[in-house]
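A.B. asks: So the chains spell out like this:
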Amino acid sequence: MPRLEPRAEASQAMRFAAPLVALLVTAGITACLMFGFGRDPVDGMRVFFVVPLESARGLAEIGLKMTPLLLCALGLALCYRANIWNIGAEGQLLAGSIAATGMALSIGPGNSHVAGLLVVIAGAAGGALWAGLTALLRDRWNANEILVSLMLTYVAQLMVLYLVNGPWRDPAGMNFPVTRMFDAAASVGAIVPPYRLNWGFVVALVAAAFGWVFLFRSRIGYRLQVSGNAPLAARFAGFSEREGIWVSLLICGTLAGLAGAFEVAGPLGQLTAQVSTGYGFAAIIVAWLGRLTPLGCVLASFVMSLIVIGGELSQSRLGLPGAITMVLQGVLLLALLSADTFVNYRIRWR
Amino acid sequence: MEQLAPLIAATLAAGTPLLLAAMGLLINERAGVLNLGAEGIMLMAAVAGFAGGYHSGSMLAGLAMAALVGAITALVFGVLAVGLATNQYATGLAVALGGAGLSAFFGLPYVGKSVPFNTTFEVPWLADLPFVGVAFFKLHPLVYFALLLTAATAWFLARTHAGLVLRAVGESPESAYAIGFPVRTIRLAAVAWGGACCGLAGAYLSLVYTPLWVEGMVAGRGWIALALTTFATWRPWRIVLGAYLFGSVTMVQFALQSEGVDIASQLLAMLPYLATIVVLALISRNPAFIRINMPASLGKTFHP
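Going down the list, the protein sequences come from chains A and B. Number 17 in our numbering belongs to position 17 of the first sequence; there are no gaps in the numbering. Number 277 in our numbering belongs to position 277 of the second sequence; there are no gaps in the numbering.
Just so you know, the hints here were simulated from the structure itself, not pulled from any lab data. Among the hints, a few may not be true.
[As the list claims (entries may be wrong)] Partial selection, computed: residues in chain B whose CB lies under 10 Å from chain A: (1) Ala9; (2) Ala10; (3) Ile72; (4) Val76; (5) Thr91; (6) Val123; (7) Trp125; (8) Leu126; (9) Met217; (10) Ser284.
[Said to hold, decoys possible] Not close to chain A: a few residues of chain B, all C-beta gaps over 12 Å, as computed: (11) Ala81; (12) Phe106; (13) Val132; (14) Ala178.
[Claimed, not checked] Stretches of chain B that chain A covers, calculated by requiring three or more beta carbons in the stretch to come under 8 Å of a beta carbon on chain A: (15) 12-22; (16) 56-63; (17) 82-90; (18) 263-272.
Where a beta carbon is used, it is the ideal one built from N, C-alpha and C, also for glycine.
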């Protein structure tokens, strides 16, 4: 029987090899799934890992999908480091997109160039408010943040459905559940038209840089991590547990809200029932895959973006069900967590 | 008064999947394992149960299939979280996400299909009683089974040696291991049992309650069941109370809609989720109370 034996010291090599091993395993399972569905696995792999990278348009689309994934993952990485199990980035993203839409719809047409900025700020505020609810319930009433943040995600999803079907529905929208299109002034501009990649991508990269400084070069970031890793030591040092709850959740909400704003004010140009295709959940995996570090999150969001786009392409080109994206995300996280075991343990046969 | 009877029946029917799932999760948690994958497990089992019932033409075969698939899916979580000592929170999340995706994948051929058997039942003779008959005796056998399961769980935990060992593993795995109990085997068994119960809950949704397969049809009930164990402070009979309380929230939602109250259906659909938050906040507001009742090693990995 093989048995796990604790390593004397955590293996640094395994820490960085684990994501690669997990990716290989996931790619292997993808190939098996394709084979099982009667598709050529080589062709399928090409759709996932080569086709999106072949054209400038493809690269721009990858950046476009990276934006919400990276923004949410940065916030989640911070939460998880502080041992706050926020899994409601999806809801915070939706709240951000609702707030951004509210702002965009209330600004009159032909307004000044600050309109776009106001929309983005409203989105950030909406996301922060939504995460703040989780923080308040956890701080004031000790309610479990995992369950609260997830329940609030369901509420946010229903709120989006209510708004696009009810008060905000575009009268000229042929009865589709969408709001009217935002004015150009209230939108976030593309970096290099005609590609859809917008300035949100730059904001996300800047946020990653700030995230690094915050986590590894600031006192408050240090306090959060101590609270997360060693709550008793943190209490002994006089670090506030409440600070950890509020700061990590509010930052995460702000970033997720920004992501929501960049979606509605960017590629979508309106609020729709399908404003998010699960970016907030995929970002949980991105955060883990990126080893809860900002730079890692940048790389991981690139990989996840490939999976998301590959999933869409395999739908249109190979006729595979769209749920393949979620399957691969789950497999990737499971593979990663198993591989992580070997950072701290090794196998002994006997 | 006469209108009340169907409302009671609807409450019991809506509370049953929560009761079944939470009763399984309770066994998990009393053994110290927090399985956040409940939602994914229920979805996998819902589609498996539907497929089993659809192809065999027998509801029992569907339920058995669902319990089996539920246990297997939970064991994926168990092998990682118990065997490989991975983080329980993250592993559970992975199972929740993967289960949602995989169930949609497998469920495609069954969208829009219906099961080839009758899904309504009534208890002979008792169902003809006035009022009581409609309120309590025209429900699916699983509704009564869920109550039996509660009694069995309560008896198991409080009155049997095995139940005592299970609780010891949840309170202090180190001590239990030192005495010589196979902690990880016990935890794996608890995880498999919890998965089977979640499986029945999923199959109840796809074979009895809806009865259809719709992508994502569990709609957060797995998460609400997780909240119920906290609400019940890890006691079996309090879960019954909580489950039916949530059943009544769902019932209120439908009752208001059928009365033609002028509130958008999406806003009414928020009720169960908001109720979960309120209930969690009320029950958790005294941290000491929760700490006393919570299994001491809940969510912590154990590796000898």
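A.B. asks: Now tell me if each hint is right for this structure.
C.D. replies: Evaluated hints:
The criterion of a C-beta within 10 Å of any C-beta in chain A is not met by Ala9(B), whose closest approach is roughly 26 Å, and the hint is violated. Nearest Cβ of chain A to the Cβ of Ala10(B): about 21 Å, over the 10 Å cut. The hint is violated. Annotation: interface hint on Ile72(B) violated; nearest CB of chain A at approximately 14 Å, more than 10 Å. For Val76(B), the shortest C-beta to C-beta distance to chain A is roughly 7 Å, which falls under 10 Å, so the interface hint holds.
For Thr91(B), the interface hint holds, the least distance from its beta-carbon to any beta-carbon of chain A being 5 Å, beneath 10 Å. Nearest Cβ of chain A to the Cβ of Val123(B): about 35 Å, over the 10 Å cut. The hint is violated. Evaluation of the Trp125(B) hint against chain A yields a violated restraint, the C-beta minimum of about 42 Å exceeding 10 Å. Residue-level restraint check for Leu126(B) is violated (minimum Cβ-Cβ distance to chain A is 37 Å; threshold 10 Å).
Interface restraint check for Met217(B): the shortest CB-CB distance to chain A comes to about 14 Å, outside 10 Å, so the restraint is violated. A distance limit of 10 Å between C-beta atoms decides the matter here; for Ser284(B) the minimum to chain A is near 4 Å, and the interface restraint holds. A cut-off of 12 Å between C-beta atoms contradicts the statement that Ala81(B) is not in contact with chain A; the least separation is 9 Å. With 12 Å as the threshold on Cβ separation, the claim that Phe106(B) sits away from chain A is violated: the shortest Cβ distance comes to roughly 9 Å.
Every CB of chain A is more than 12 Å from the CB of Val132(B) (nearest about 35 Å), matching its label as outside the interface. The Cβ of Ala178(B) sits about 17 Å from the closest Cβ of chain A, beyond the 12 Å cut-off, so the non-interface label holds. A stretch counts as covered by a chain when three or more of its residues have a beta carbon under 8 Å from one of that chain; for the segment 12-22 of chain B and chain A the count is 0, and the coverage is violated. Check result for the segment 56-63 of chain B against chain A: violated, 0 residues qualifying (beta carbon to beta carbon below 8 Å, three or more required).
Here's how the segment 82-90 of chain B fares: 6 of its residues keep a CB closer than 8 Å to some CB of chain A, so the rule of at least three is met and the hint holds. For a cut-off of 8 Å, the count of residues in the segment 263-272 of chain B with a CB near a CB of chain A stands at 5, and the three-residue condition holds.
Hints 1, 2, 3, 6, 7, 8, 9, 11, 12, 15, 16 from the earlier list are contradicted by this structure; the remaining hints agree with it.
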